[in-house]
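> Below, each chain spelled out in residue letters.
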Amino acid sequence: DVKVTQSSRYLVKRTGEKVFLECVQDMDHENMFWYRQDPGLGLRLIYFSYDVKMKEKGDIPEGYSVSREKKERFSLILESASTNQTSMYLCASSIPALGGRSSPLHFGNGTRLTVT
Amino acid sequence: GNSVTQMEGPVTLSEEAFLTINCTYTATGYPSLFWYVQYPGEGLQLLLKATKADDKGSNKGFEATYRKETTSFHLEKGSVQVSDSAVYFCALYYQGAQKLVFGQGTRLTINP
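Here the protein sequences come in this chain order: D and Z. Going by the working numbering, the first residue of the first sequence is number 107, and it counts up by one from there. Going by the working numbering, the first residue of the second sequence is number 1407, and it counts up by one from there.
Since the hints were derived computationally from the structure, they do not count as laboratory data.
Below are the DMTMM-like pairs computed for lysine to aspartate or glutamate, each with C-alpha atoms no more than 25 Å apart in a straight line:
(1) K161(D) with E128(D)
(2) K177(D) with E1448(Z)
(3) K163(D) with D144(D)
(4) K109(D) with D1490(Z)
(5) K109(D) with E1448(Z)
(6) K177(D) with E162(D)
(7) K124(D) with E185(D)
(8) K119(D) with E1448(Z)
Sequences are here, hints too, so could you generate the full structure?
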């Protein structure tokens, strides 16, 4: 089974801190994604990556950056945490879509971040 | 643009009741459609999918049919169990986007 591991389950940080959320997958997937999940808003894509050192902005990239130095690891960085970034963050991975068909996303269990 | 709209929750049913969670979409072209489920304390996992019009996806007693004429992909189950309590997300993938677009999620609670 594919395993996507997020380093922290719960995290509490102060406003203005730099925050790193780490995600590791063990199935050699090319694609990796960071979503945030908020009640009533569903999942919104922050950033995604097709390959090592490649990144693409999602729908809500402001206030975030990412790093993908190794294929198995995709880090989300909050440069200066703010209270409106309090949320559940979900990492996912997949193989590339082929022939126009999406391949399933495999999700980690999430990191619940609270910024005070 | 491309978007997904789900019926608002939360939904509360008794065990063995019939379940429908509505999902409609707006998309250009011919998207693929998905239902994901999130059990308490876990990430999302794929429940079922359909890749073209009139396809029916099914898994664990759940079904959904891709209806292009009504742009819908409603999730149904004939007899729900307490273990089906979770949050359900409808999602679409459109070719060339390399990403999924999710609905807002519907929380389902099944009482014994």
